[in-house]
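Asker: Each chain, letter by letter, is given below.
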Amino acid sequence: MNKYGWWLIAIAVFLLAFGTGAQEVYFHGASGWEPPPLYHGNAFAPGGVGGAWWWVFEPLFVYVPGPGDIIPSGLFAGRDRMLPRLALSYEDTPEAFVVKLREGVKWHDGEPFTSKDVWTNFIIGYLQGWGIWRYLDSIEIPDDYTVVFRWKAPTPFAKPLIASPVIRWPYHIYGKWAEKIDVKKPRDAEPNKSVTEELLKFKPEKPVGTGPFMLDKVTASEMLLVKFPDHWAADKVDFAGVKLLRWTNNYVVWGYLLGGELDAAHPATRRDITEAILKLPGMKLATPTDLAGFCLAFNLRETLPDGRPNPFLNLKFRQAIAYAIDRAELAEATYWAGLPITDYATGLLESMRADWGVTDEWMAANLTDYSYDPEKAAMLLEELGYKKGPNGIWRDKDGKPLKFSLVCHAGYSDWVIAIDNIAAQLKEFGIIIEPETRPGAIYWKSIRAGNFELCMEWTATSWGFAHPWAELRRTLHKDGDTARTIGLAETPYAFLGPDGKPVDTTAMVDELGATFDLDKQVELIRTLAWVHNENLPVLPFVEKRIMIFHREGVRVAGWPALDDPAWLLAPGGIERFYTTLMIEGVITSVP
Amino acid sequence: MTIIVKRLVLAILTITVAALVTFIVIQNVPGDPLYEWAMDMVQTSGLDFETAYKMAAQMYGYDPNQPLLDRLVTYVKRLLKGDLGYSMIYRASVNQIIAKALPWTAFVVSVSLLLSFSMGVILGTLVAWKRRSILDPLVTGYASFTAATPDYVTAMLLLLFFAINLKWFPSKGAYDIGIEPGFSLAFIGNVLHHAALPILSYTLEAVGGWALAMKGAAISVLGEDYIMAAKARGLKDQRIVTSYLARNSILPLITGLAISFGAMFGGSILIETIFNYPGMGWFFSQALMRKDYGMMQGLFLLTITATILANFLADILYAKLDPRVRLER
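Those sequence lines, one after another, are chains A and B.
The opening position of the first sequence corresponds to residue 0 in numbering that gives the first Met the number 0, with each subsequent residue numbered one higher.
The opening position of the second sequence corresponds to residue 0 in numbering that gives the first Met the number 0, with each subsequent residue numbered one higher.
Keep in mind that a hint or two might mislead.
Claimed, not checked - Here are the simulated EDC-like pairs of lysine to aspartate or glutamate, each with C-alpha atoms no more than 16 Å apart in a straight line: (1) Lys444/A x Glu49/B; (2) Lys192/A x Asp62/B; (3) Lys183/A x Asp136/A; (4) Lys444/A x Asp31/B; (5) Lys53/B x Asp187/A.
By construction, these hints were calculated from the structure, which means they are not laboratory data.
Use the sequences and the hints to build the structure in full.
Answerer: And the structure:
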């Protein structure tokens, strides 16, 4: 072999060793799905799509929650709260919401995406009880790229209602069913009933979406998604694909995080494990709100389940309980990463209330402060005629000790800790509490039927809305879930307003859910927060926060600052947040 | 032969009674699964509870007000066709689920059982033979320790040490997602690599129990005349241990082994969950957690049937292995 031959061999070896180009980077996450053979690609039927959801499907817009139309700060500062995805623009009026779609978008199977696809999704969504159908009268598609949502009742929540669902049922596959659905008839009447049955039986192998990634393979432990080369933002998506590890329980995800296998994951994590995970180079923890909180709920029915007169009907009695509980300690024990609520009881999310006018200053000037004060609690009980016995337990006028049961869902480990903590604190104060857990299958039914004295409940939930209307509706509207638990519709107790007169909170909540006037909304929110705080139907003590571990500089770079409002995209769809960051070119791969 | 038929009929009767009892118990567990499912919908979709409850009833095709007898008739009709049931959550046949999950569980658990049984028999025999050696307290202590330690703790420790810290073994799944399943060396090697930690977890947990059982059986055999005679004849220790002691002591353990093989059809919820292994345990846990009556009934019935049949086979095998034992007529 001559010298050129050796040179050629040397160059070939070099190219083979180093010349394969930059390594393709996969984003590593964790999520849940049904393992094969149950896995399938129909988002309508149970077991379908799983963790691939936000990677393969897209919404029309992504809505960053908050008051007003413009995002005030952070990554997306100055932009409209509706970040465009499959749609480009909108026009919002009390009569209709008109959406202009992005042109040139394709489904993963190559079919073009048009307004017929959007129509198909919202029509099938009727069968799934999508919240938008409370307000929606009809959907019109005047051309391939325009969709008109016509309201039967105007709603200020048009944006979250339209932005929440992903477009998951292409017309060319699901249109034959959508065409049969009659949205003027009940879901369980024909033809809707038969269509539901047919849709539940349809189980394609993989989902077909328009999202930035396509499902490639799925096993019981891993899911592999590859980049969709024809995606409208493919040039900005800097990842070759997504590798998801199956999330069976939090312990396993902690292991994956500690082993450096994940770029981001959000397991609720003990403090010591959190500290260990955060020691990994580049690992950070963001804690945006989970749009919900925990509270202690009082039974406000005429009598207690055993027929005894109900002392919780007395506001001062409930206030005494509130003062007797150190909510900071309770929150720490129950959900250490949450946001403790230690002073007031507005029924609003602690992290977002100030945005809606319920500021610290306003509360200090207008509301009763229930900060931990056992002396005040004792004073209130004495005013009501209770006396402390020689054993340190409070007794009523007949000499009977104050003794109540406190129940929670047996499957919610944080609630189990909470009831033990409350029992210990109130015993210290002089009230006997008997903690009791009930299996999930009977818990909700039993408490909604009033079969409890004190119980654990959700408060300020605004899943799907991220608006105080949903938070306040939970407890102050007769159809709200916590309102049904406390017995709002049955109670002889009259909720009093700021003017000292009984108020119809249900009507006020409905009014809040119908007004477009931001100032009016703030006024109603403040009034309802006042009613919630001063009438104290429940005692909130912690707002849940999502613990999002994310690693900078290993495979992924460019994560937003921890206080960026963009993190508010995480509750209800954490992968929606990741995909938005990818499509906007915010996070990029580290080769 | 007649006695075998009688035993078989008895086994079938037992399975029938067990199926009925399981059905009645599961159907009468307090609570309404629709409430849990509806709450899931409320939390994920922002639906109000009433709507979510109706949706759940429709989605899962479950009517809590259907009379028990009607449900029983449907169940029995399906069973007679060889259909173990229908999962309410997944709207899929339980047979289909079992067909995919059982091979993985059978592979991991049978290898573990054979390994732990073999090691346990050897250790138990040695401990009985050399009772005053250090081996006795070591094996007994180990057996007590593993009996007191939940299997998921062992699995978690193995995961942390060998998969996460040392990275010697994969932490999850039955094989790498990048490898094409098939009869190839690469795939088989990959499967064995992935199965190593689940097998080790099962084995470490079970070996102590087998060793103690074997020790007990061997000690009683040691007092037998034929052992004394073998010693008096000057036979080598190794021959006495293998041909006289171990062979005779192992017989009582056969029933236990058969029952364990039967019970393996249930998989291990905790180990399979920790290693993300695609076995029966995962589906069992889902059925229990989500109150999927159809799947629960099917999986329980399979495990019960397997255990009863394994017992039946153990009886026959026992009689063949030990000429002193005769099946009663």
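Asker: CA of Lys183/A to CA of Asp136/A, is that 16 Å or under?
Answerer: Distance of about 9 Å is within 16 Å: holds.
Asker: Holds or violated: are the alpha carbons of Lys192/A and Asp62/B at most 16 Å from each other?
Answerer: 15 Å, holds
Asker: Taken at face value, is the distance from the CA of Glu49/B to the CA of Lys444/A at most 16 Å?
Answerer: Holds, at roughly 12 Å.
Asker: Is Lys53/B close enough to Asp187/A, meaning Cα to Cα at most 16 Å?
Answerer: 9 Å, holds
Asker: Take the C-alpha atoms of Lys444/A and Asp31/B, compute the straight-line distance between them, and say whether it is at most 16 Å.
Answerer: 8 Å, holds
Going through the hint list in order, the structure satisfies each hint without exception.
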